[in-house]
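Please take these sequences and the hints and turn them into a complete structure.
Residue-level listing of the chains:
There are 2 protein chains.
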Amino acid sequence: MTRAAAAIGERESNGGALRFPAGKGLRLDSGATLEPLEIAYKTYGRLDAAKSNAILVCHALTGDQHAASIHPVTGKPGWWDRVIGPGRPLDPERYFIICSNVVGGCMGSTGPASIDATTGRPYGLAFPVITIGDMVRAQAMLVEALGIETLLAVVGGSMGGMQVLQWAADYPEKLFSAVCIAAAAKHSAQNIAFHEVGRQAIMADPDWRGGDYETAGVRPEKGLAVARMAAHITYLSEAALQRKFGRQLQRDGLSWGFDADFQVESYLRHQGAAFVDRFDANSYLYITRALDYFDLGAQHGGVLANAFSRARHVRFCVLSFSSDWLYPTSESRDIVRALNAAGARTSFVEIETDKGHDAFFLDEPQLDAALRGFFASTAQARALT
Amino acid sequence: MTRAAAAIGERESNGGALRFPAGKGLRLDSGATLEPLEIAYKTYGRLDAAKSNAILVCHALTGDQHAASIHPVTGKPGWWDRVIGPGRPLDPERYFIICSNVVGGCMGSTGPASIDATTGRPYGLAFPVITIGDMVRAQAMLVEALGIETLLAVVGGSMGGMQVLQWAADYPEKLFSAVCIAAAAKHSAQNIAFHEVGRQAIMADPDWRGGDYETAGVRPEKGLAVARMAAHITYLSEAALQRKFGRQLQRDGLSWGFDADFQVESYLRHQGAAFVDRFDANSYLYITRALDYFDLGAQHGGVLANAFSRARHVRFCVLSFSSDWLYPTSESRDIVRALNAAGARTSFVEIETDKGHDAFFLDEPQLDAALRGFFASTAQARALT
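Taken in order, these protein sequences are the chains called A and B. Quick note: the first sequence, position 377, residue 412 per the working numbering, numbers continuous. Quick note: the second sequence, position 38, residue 73 per the working numbering, numbers continuous.
Everything labelled a hint here was simulated from the structure, so no lab data went into it. A portion of the hints provided could be inaccurate.
Quick list of the computed label-pair ranges, beta carbon to beta carbon [as the list claims (entries may be wrong)]:
| no. | chain 1 | residue 1 | chain 2 | residue 2 | range |
| --- | --- | --- | --- | --- | --- |
| 1 | B | 378 | A | 340 | 50 to 60 angstroms |
| 2 | B | 251 | A | 340 | 51 to 61 angstroms |
| 3 | A | 340 | B | 278 | 21 to 31 angstroms |
| 4 | A | 305 | B | 151 | 32 to 42 angstroms |
| 5 | B | 369 | A | 62 | 54 to 64 angstroms |
| 6 | A | 278 | B | 407 | 39 to 49 angstroms |
Remember, it's a predicted structure, so these values are computed and weren't measured experimentally. Positions of the beta carbon are idealized from the N, C-alpha and C atoms, including for glycine.
What follows is the structure in structure tokens.
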């Protein structure tokens, strides 16, 4: 265990990177092994003496371990700062909160920009294809290394929610509860289609160089920005776009050209430009691929309920947003039906909002209330003081 | 009038290109004038002696004048071959059907790939920004040149439907009836957002060369293909994608790489690749811009009904598809409400289908029935034999 890991619980925000050497690497679903393996993570709060108050937070496609601390690249608050913090649903005064960068990511965990020990150069496309199962297996290695046998909860939205479901399937014995927000048990054809557009945009950029851009000292920024712009539309509802932007112009009158005339154009361009500063294009390829490959039912003989057959003791909370068209409520209902069929105790709330998929990042009082209530009752059930 | 125009009505499929010389060019909404102007068009059937059986068909974003004849580039039947033909709702035995390529297009009408008379080189980005109103004004010039005072009908889907609405606003005195399919009276923020993604994909391609690719002898094929892929997703419903492709694989098993594993990926790639063979990237920029600028209500003091104040005598038919999320039924209802408020006689049908926006190109018996019924009663009302 590294010094940083040993120091866990000593400060409000902590963390570092765990390194697993060759021979102790990560077995991948593809059959390959990823070694050495680094897992970058952050923690908030203190692990109690009984090691019973640990909550693992799983991040979404473009998220990272900086869930509730200042992001080192952007200088902005963490992506779930609204939920994690004193007096918030995940209060570090009460819980020991862990968030790690997924394998394949680009914020310190081993990913395609990491050095391939066999060549001494960045992996690029030599990085093996990874799955949601691989991400979760790496997280389980981290949790074990931190000396935690059972997580009070595993929680996440979007791709984070898929990791939650995979945890329930693969490591139910390590879970007391699980919270799956705005997710699906499999990627739909439309989900795959949008990701494929993003991948093609990146690969069409000549600066992508077959994935070897790191070595060449360039980056496929334009392609990655287009990928982000396309994806970003799917994170917002049509109603939210209309409410926020409508047809409002940037300036008085039209430009009669291809400048950003409409505020929504300017907003999208900004989303694309800001993204390339903090994200790696190859990571985007690999993580979108992991999402597309995700089909938890197919992993269990085509019956989703079978995925949860060992998770009957886990307390589940499934949340969806009424205007989410990326992972619509119908997908969450499929999850709830499977959990019910497996005999797991499950709460389900569809939150009425026009904010779309991204509602789980945004000011959504009903989400806060649902999380607060669920974690409070979970802590009570586990007799946390 | 050209020889081809003079020959109208002599063959089943006819047409050519009308040329309007300098001094007789097209006044544009931007204030510029497009001259000389060419309008490429096709006709099907014969104009009757009373010149009372002419129907103008308006094409969508990536369509052209080859509505019901073999496309010269792809060798495939025209885009509305299902609707136009003997025994079909638009029967050339009965009607004289006209379809012209929009200005800004790339199938013979003046567009950004045309030679700019002032420089002797292709316009590229020197081409003026055009509007739906400009497209319709050019069509009105063609209709006048063909000696037709009143169109029995103007009909179109998607962008074609927007042209129909613009006709009703600008030239109601030339219309007996109007059929608007799967359209909207204005582009929404989400519509603009998707178009902006496409434009950015094209402009990100280094072969776009600031729009001067024609001169350089290259074409931004990768960028245009990505633009098409993103747009194509919006033409299909989530349900249709699921029904057609779901998570079906191209081969047995996953590739564990970035090949097209899923059939939907392969399908999208094919859509992108086929599109660049028949469409010009700058035309895509200009026509999407025209769509984004479209807001018929804003052209009339912010009150859509005012756009139709002179169109009370026109018989309207408005059609929408239940699973169209690009221009959803709510947009058609807004049009219908405005037409009702203006006192125009309006039929409205929402067709139940899971095929999404593209249903107007596809085998949709309810659409055929609605069109057949409307045109039959329209012809009867105009006492066509």
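**Q.** Enumerated hints in conflict with the structure, sorted upward
**A.** none
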